[in-house]
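Protein chains in written order, with the numbering used here: chain A, 1 to 124; chain B, 1001 to 1322.
These aren't lab readings, by the way, just hints derived from the structure by calculation.
Certain hints may be false.
What the hints assert, rightly or not - EDC-like, lysine to aspartate or glutamate: derived pairs with alpha carbons at most 16 Å apart:
no.	chain 1	residue 1	chain 2	residue 2
1	B	LYS1203	B	GLU1225
2	B	LYS1204	B	ASP1182
3	B	LYS1045	B	GLU1088
4	A	LYS30	B	ASP1097
5	A	LYS30	B	ASP1038
6	B	LYS1058	B	ASP1097
7	A	LYS30	A	ASP97
8	A	LYS100	B	GLU1166
9	A	LYS100	B	GLU1163
10	A	LYS54	A	GLU27
11	B	LYS1267	B	ASP1038
12	B	LYS1077	B	GLU1276
13	B	LYS1266	B	ASP1038
14	B	LYS1203	B	ASP1182
15	B	LYS1077	B	ASP1238
16	A	LYS100	B	GLU1212
17	A	LYS30	B	GLU1166
18	B	LYS1204	B	GLU1186
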Amino acid sequence: MIKQAQPSLDQRRAAYAWEKVQGCGGEYMKLAKGAPALIMNNGLMQTLAFYEDKGEKHNHHRDLNRHIIDWLATYLTGKPVANVPFATMMDALLQADSAKYRRATQETLALLRWIRQFAAIDYR
Amino acid sequence: MAALSSGETMFQENRIVFLYCISPVHMGAGTAVGGLIDNPIQREKHTDYPVMAGSGIKGAIRHDYWAQGGSDNQLLKRIFGPEKDAAEHAGAVSFGDGQLLAFPVRCAKAGYVYATSPLLLARLQRHMTLAGIQADWNIPDISSGHCRLRNPDLLSDDHIALEAYELVAQLDADNALGQIADWMAENGLPEGENYSFFRDKLKKDLVLLSNEEMHYFAVNSTVVEPHVRIDDVSGTADGGALFYSENLPPESLLYTTLMASRERYKKGDGGDNRMEATQIVDTLVNGNDHWQGLHGRMVQFGGDATTGRGQIVCSVKGDKHD
């Protein structure tokens, strides 16, 4: 039996990213552009914590963190999740074994490929 | 390629050139589309490992020879091929792609360790065998989530922490990794007192990762640098010019093949006094009255030379360099 063709994981990342970046603005675009470098140089949890701290005052930090955390939660649980509290995601990552944490990092970077690309288009 | 006269193979001499990075190295892939980084380094398609294109290596070495001056531009042409009319004759040397052998990974207990994997070692061994150079060590198996190491000081209980990741570590009881580390330090790193610290460190702190974890670090643990434009008047960052550049980290170890043929000449020319392959390779590797040879020399590869990028020390392994 031929299975109903489904969009690939990468297509789903792209669809999610396109939806989320709508109207996010220039500051968001710049932040997204630098996000992979921040994660590669400092680590995923450090970066999320940094965005959470900055998000207190800056919408673009809050938004990007929200987009990453919700996608990660969806990726880790296998079902769509929204508005996952920062602390819940940190708990999950802190308790993850090394392989799972590595996969979460890779998944975040894969999502950010689309976010940084689409954010630039939307802002233009 | 022009037909070769009977009984003459394309290349008669083979060497392996180890490339030890002592600064970040940017061998650029050009502008990225849909990438993580605006200005990524070259990567091999089928493994995603960092690679240095043979053309870039050859160009950098040719330029180094040219920049050293000397008196004999004709010799450049004889060794590397004609500057303009490439169809006239081929050069006498060939460089393969620079492939990864060991990659530095952050480790709080040692600053960094040199990480390698069965795949990287097997590829080196294949090249060494083809070049007729002895490298008969055994490559241990290692599964994902595990690693093999020699230095017990790297351990926390039975684990090692690399960046934010913990791996189950097994000590190198049969010294299989140790033999590889010793070999690599003696052959791959530059000779002399100046590099003894790094040779010793490589011997102690070489860690064998699984291919999976090696892949992760080789893809995600490069040096990513933001670049901005400085406003001439204010002396501060000018908005809108921000981009990110990727570099191979310093302490990375790669290798390339160096092959040499008898000197080639333009069809119809006499072809008298051609240099033999051994002469060609000896001139390049050991130098002459005007040029310092490649062996032991620091050559600048890739982009951003004027900001200290691309400094690599070359060590040649093969005939007369054993």
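Verification of the hints:
1. Between LYS1203/B and GLU1225/B the CA atoms are separated by roughly 30 Å; this puts the pair beyond 16 Å, and the hint is violated.
2. A threshold of 16 Å between alpha carbons decides the hint, and for LYS1204/B with ASP1182/B the separation of about 9 Å falls inside it, so the pair holds.
3. Distance check on the hinted pair: LYS1045/B and GLU1088/B sit about 32 Å apart at the alpha-carbon level, beyond 16 Å; violated.
4. For the suggested pair LYS30/A and ASP1097/B, the alpha carbons sit about 35 Å apart, so the restraint of at most 16 Å is broken.
5. For the given pair, LYS30/A sits about 13 Å from ASP1038/B by alpha-carbon distance, which is consistent with the 16 Å threshold.
6. A distance of roughly 10 Å separates the Cα atoms of LYS1058/B and ASP1097/B; the hinted pair therefore holds under the 16 Å criterion.
7. A C-alpha spacing of about 32 Å is found between LYS30/A and ASP97/A, which places the hinted pair above 16 Å, so the restraint is violated.
8. Restraint check: the Cα-Cα separation between LYS100/A and GLU1166/B comes to about 11 Å, which is no more than 16 Å; the hinted pair holds.
9. Note on LYS100/A and GLU1163/B: the hinted pairing holds, with a Cα-Cα distance of about 14 Å set against a maximum of 16 Å.
10. At roughly 13 Å between alpha-carbon atoms, LYS54/A and GLU27/A fall within 16 Å of each other, so this suggested pair holds.
11. A distance of roughly 45 Å separates the Cα atoms of LYS1267/B and ASP1038/B; the hinted pair therefore is violated under the 16 Å criterion.
12. Straight-line distance between C-alpha atoms of LYS1077/B and GLU1276/B comes to about 15 Å, which keeps the hinted pair within the 16 Å bound.
13. Using a Cα cut-off of 16 Å, the hinted pair LYS1266/B and ASP1038/B is violated, with the two alpha carbons roughly 43 Å apart.
14. For the proposed pair LYS1203/B and ASP1182/B, the alpha carbon gap of about 5 Å is at most 16 Å, so the pair holds.
15. Proximity of LYS1077/B to ASP1238/B is assessed by CA-CA distance (about 45 Å); at most 16 Å being required, the pair is judged violated.
16. As the CA atoms of LYS100/A and GLU1212/B are separated by approximately 13 Å, the hinted pair is consistent with the 16 Å bound.
17. The suggested pairing of LYS30/A with GLU1166/B is violated, with an alpha-carbon distance near 33 Å, which exceeds 16 Å.
18. A distance of roughly 13 Å separates the Cα atoms of LYS1204/B and GLU1186/B; the hinted pair therefore holds under the 16 Å criterion.
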